[in-house]
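*Asks:* This is what each chain is made of:
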Amino acid sequence: MLRYITVRLLYFVPVLFVVSFFTFAVGFYGPGDPIRVLMKENWNDEETYQILRRKYGFDRPFLVQYGDYMLKAVQGDFGRSVLRAMPVRDLMLPSLAVTAQLGLAALASLSLFGIGLGVIAALKQNSWIDYTIVTGSIILQSIPVFVLAPILMFILVLDLRLMKTPSGWDGLFSSKTLLPIFLLTALGLLVVVRQTREAVISARSSDYVRTARAKGLRERAILWRHVLKNAMSPVLTTIGLLSSWLLTGSIFIESIFSIPGFGSLYYGALKTRDYPVLIGTTLVVTLIVMLTNLIIDVCYVLLDPRARVE
Amino acid sequence: MATKPSQQTLRGVADRRSPRSRSLWSDAWRSLARNRSAVLGLVIVLLLIFIAAIGPLITPYDPNKQNLDLIKATPSREHLFGTDQLGRDYFSRILAGARTALIVAITVSFLSCGLGILLGAAAAFFGGWVDTLVSGAIDGAMAFPRLLLASFVNAVAKPPFQQAMEAVAGVTGLSFLTNTVMVDYIVVLSALALTLWPGYARLIRGQILALRETDFVLAARTIGASPTRILLGHLIPNALGPIIIALTVGFGEAMLLESSLSYLGIGIQPPGASWGQMISESLDQWRYAPHLVAAPGFVLAIVVLGLNLLGDGLNDALDPRRRRA
Amino acid sequence: MSKSIRHRALFVLTLASLILAGCGGAAQPQAQQPPPSPQIIRETVKETVVVQQTVKETVVVQQQVMVTPVPEPVAKVNIETPPRADGTPAPADQQIFRFDLPSDFWPDPISLGNWYGEWNVLTSAGLTTETIDGSVRPELAEKWESSADGRLWTFTLNKEAKFSDGSPITMDDVIFSLVSFLDPKGISEGLYRAPFQDITGYQEFIDGKATEISGIKAVDEHTISFSLNRPIFYFPSALGFWTGRIVSKKNVTEGGQEWWRNPVTSGMYKVANFEYGQRNYLELVPNEYYVLGPKPKLQKIIIERVTDPATRLTRYLNNETDALYYPEAADVAAALRGSELKDELLGSSIGGYFFFYFRHDRPPFDDAKARQAFMMATDVDRLSRAVLEGTLGKTTSLLPRNTDCYPEADHSVQFDPVKAKALLAESKYAGNPPLVRIQVSEVSGIPVVGRWTRVATAMASMWQENLGISVQLQTKEFEFEDSQEGAAQVFRSSRSPLVLDGGVMTLNFGEGKGIADQAKYINPEVQQMLVQADAEPDAAKRCEMYQKADQMLMQDGVIAAGWDIANWAFAKPQVRGISTRTRWQFYLSIPDAYIATP
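For the record, the sequence lines run as chains U, C and P. Residue numbers for the first sequence follow the working numbering, beginning at 1 and rising by one. Residue numbers for the second sequence follow the working numbering, beginning at 1 and rising by one. Residue numbers for the third sequence follow the working numbering, beginning at 1 and rising by one.
Treat the hints as calculated values from the structure; they're not laboratory data. Be careful, since some hints might not be right.
Here are the simulated DSBU-like cross-link-like pairs (lysine-lysine), alpha carbons at most 35 angstroms apart as the crow flies [claimed, not checked]: (1) U/K176 x P/K428; (2) P/K520 x P/K428; (3) U/K72 x P/K250; (4) P/K295 x P/K342; (5) U/K164 x P/K300.
These numbers come from a predicted model, not from an experiment.
Given the sequences, and given the hints that come with them, work out the whole structure.
*Replies:* Printed below as a string of structure tokens:
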């Protein structure tokens, strides 16, 4: 097991390089230009443009720029944001903390509600409870978040007068995080509910559960000892997929609620093609995605001895 | 089947013992037809296909005909869903959007799912360096900024593609190839597909990793079945249930992703109609002309719902162990 | 109250209908449709935007079916909300003014990385500054004079001027500020340096051949002079811009790259609290050392970054802010139609314009008659009324609004579809007009599907109907992307005036500059006129010459269609004394603003 983890960790390095290389190439050759964005309506002042390109070092050949960036990135220096007048590292670290808190809270609520509702739906298969849970989560999923968020905000703040406008970040335990967490949960709910429901249903009809029933085990014990334990492996994959997705997928939610997290940092950089930020965030996201995937795979093996490694 | 005992403990056994007079597929079809919500889903999906196919014939107005004297009209007898910010009939545009939605969903899902199954299955089954390579690609592709990639493909791949199409049209005389709306579809769709395959690949990899050690695969191996045969004949069919779930969810996801691309301006180009674009374009109007957001949002939600219900039904129907008595 | 019911009803309705449909099967609305007429069916089968060949047929049909023979005139949009009545000022502890900005901001009046930095006029003094009626007034410079030939300008500084830390503003600080502002290689981006490019020795400085700008000289401790390569009589106006203002040399050099985290200010306000990074928050209080203008009445100004427009609106409606800057066009339009916010709306057309321009080097717009035909086929007023919903009015002159030079007469080409068709038939593209592609992008920071895409769509349809040509739309994320060389011929852009003077004509349309450069527009006659105008000492005569150039440029199609930029904002009823007539939101009227007792 230890060897497997070491090997996986080792191959992070080439993946990180490939991803950063492609991001850099897309940035270099693709549409948009942070300098022109910075210049706003004066974008066609060619002399200034050339001076600024030189100033930010964007006039150097592609490989030189890439090499220079990576060399510094390895030492923890991700350059300076073109449009936000700050070192990228100082932008990333605090926003990563914010998004991590938000994402973990959402993940907790997602696991709680998703698995809970999924199990209920499976136990009450084909009853109205099952239909309501599944249909409800489908509906929550099928309204784009940038529609749902402003409508809910208007209702909660202006009509029901329940809270102040949720904008910004005052720590995890403030009323401002309720709506973002709810929306993040709503976004991933359907996938978790269905995967759980599906897994529980198929586990309940499996041979070992029948055997357990035949042995006269009580339903509750069967549920906990056999059904849930065996159903968790696909659910875990799904939640694992979602956890990295929560990190990057909260783009719209963080932007709407002005949460200074990783998603809004990335989204702002994308809109202005602020490449130092864009590449820095991409590298960090890649690392996190790979780490989560590794953790899932390890948990997989621990939960399901059949899926042996190597 | 209906005559079998109804005790939970015996049902599965009963299913297995039932006479194999009918094929798997006709069994599945019967089971599906008995499932009321699946039938509803099927109806919605068929209706979408029907409208997408003959849509232009039944639209009451030209979906692109503007009337600047009648903008943002509320729903009325003449304009069932009202008119949009340029006075175009909203109902006609929604019908026209059905075609976009269907093309987006089908192409994107099948492209990405196909790619995902191929790579995921190969990784799990062969293991070793194949697995390392594919897992790396999955990690990389999942972490790669999806919106950046879509925007890149949109800007970089579109012009040469457009020119190539024009050249082909010049030689063959097929003028529809140069239709910009068509070019957009193809470019945007491939961008979407490129960003969605890792989900499928990971899913099938996980499934096959779990199935690889099951008895029937061991049995097949023992009797000397070739790896390809085990993969195609045993592993993939058995992993089909979760894939179908993922695929039906993926249909909706593709449509919703198209809407967020539209929100960023890299979706279907105007004046082509897509529901996602209609929603994001009218978002600032929701307090003043709510029908502009509600109508496409409603239709999109209905279609996603239909797809999901159908997916559930299919899943139940295709799994013999879970077919209802 | 009705509003709240409406929100809730809409939401509940949407959800309920979804659930209902989910359980019981959706009603299929098209069953109730009246059978469409066969004629329309033929129409709808076609795509609107196709290749030339197919469109030609389409267009013939469209003309028979759709063209309105005589266009009814559309009333012009006029944007000017009346000033607010005076009230009794509330006590000093209630003189707090709060608003949100949509993007990052930091107190730096030299660098321009921050897009919404115009509020820096509150914290920094310029040599000159603008008034709300569009004229130049002294600030740090008490008085100024020019040599008779307009090439040497001398400014006398106020001897009492102090920074917010009590230290005097010295000549050293002034020269440091100006040189830093003009140097794109240093801490500034030098984006608004165009009006200063004719200072003697500036080009040598930029090219690295000189370490200082020889044309900027300290005559004595309180007198600074600028020598210019050519006569420019609008020079004092250029010094009144919101950037290029005075900073403390000590503060900047000691503070390092992020010196603005603890800024010493020269303007009427100083920074009491500033957070940047995670949260972007700024608190301004009056600068007690400020003697260069009137003391402000507002005792505290609080600015916060809130990126989402719906969130900004919610905060404003929930009384968490007192003013809403940069509101969404939809909310302004609703207020103009009489929504609950109609009495809180403030708006003025200001200098500068959003516009579509032709690429004069790409057919068919290399032909003057074709350009005119396209302009005549565009009903700009109808677009203002219908697509822009009265939030922007037609540009009738390229000169800055609210200045003495702004012409009363409408210099733009008038809508006339009949004549347009005739003109196109006279042009060299008669009978065989090329496919016209419009490249459209929205203004940065706003989702890309927006009003300019709609305007372009409507404009394309007008051209198709009125000229019988085929038009294609290309949306781009950024306006500067012209990746398909030789493809699009019409582009969208915007520009606001760098100086509040007819001199903007030279800056935008002089040789190889600004808009003329973007449009690849070359007109030696106009260039000659502009050079003469800049050198004319008599203000009235200067304006006359600028106006003549303006007339020629407008008629020649240097822009295809334009809309004057309008400052829209909402402000709570108790906020008095403010005006949106200035180029920079309310900021120049802040000295007069106060909170009234209800």
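*Asks:* Now look at each hint and say whether the structure bears it out.
*Replies:* Against the structure, the hints come out as follows:
1. Note on U/K176 and P/K428: the hinted pairing is violated, with a Cα-Cα distance of about 64 angstroms set against a maximum of 35 angstroms.
2. Our distance criterion of 35 angstroms between C-alpha atoms is met by P/K520 and P/K428, whose separation comes to about 20 angstroms.
3. Between the alpha carbons of U/K72 and P/K250 the distance comes to roughly 31 angstroms, so the proposed pair stays at or under 35 angstroms and holds.
4. Distance hint between P/K295 and P/K342 is fulfilled; the C-alpha atoms sit about 31 angstroms from each other, no more than 35 angstroms.
5. Restraint check for U/K164 and P/K300: the C-alpha separation of about 22 angstroms stays at or below 35 angstroms, so the hint holds.
The structure shown violates just one earlier hint, number 1.
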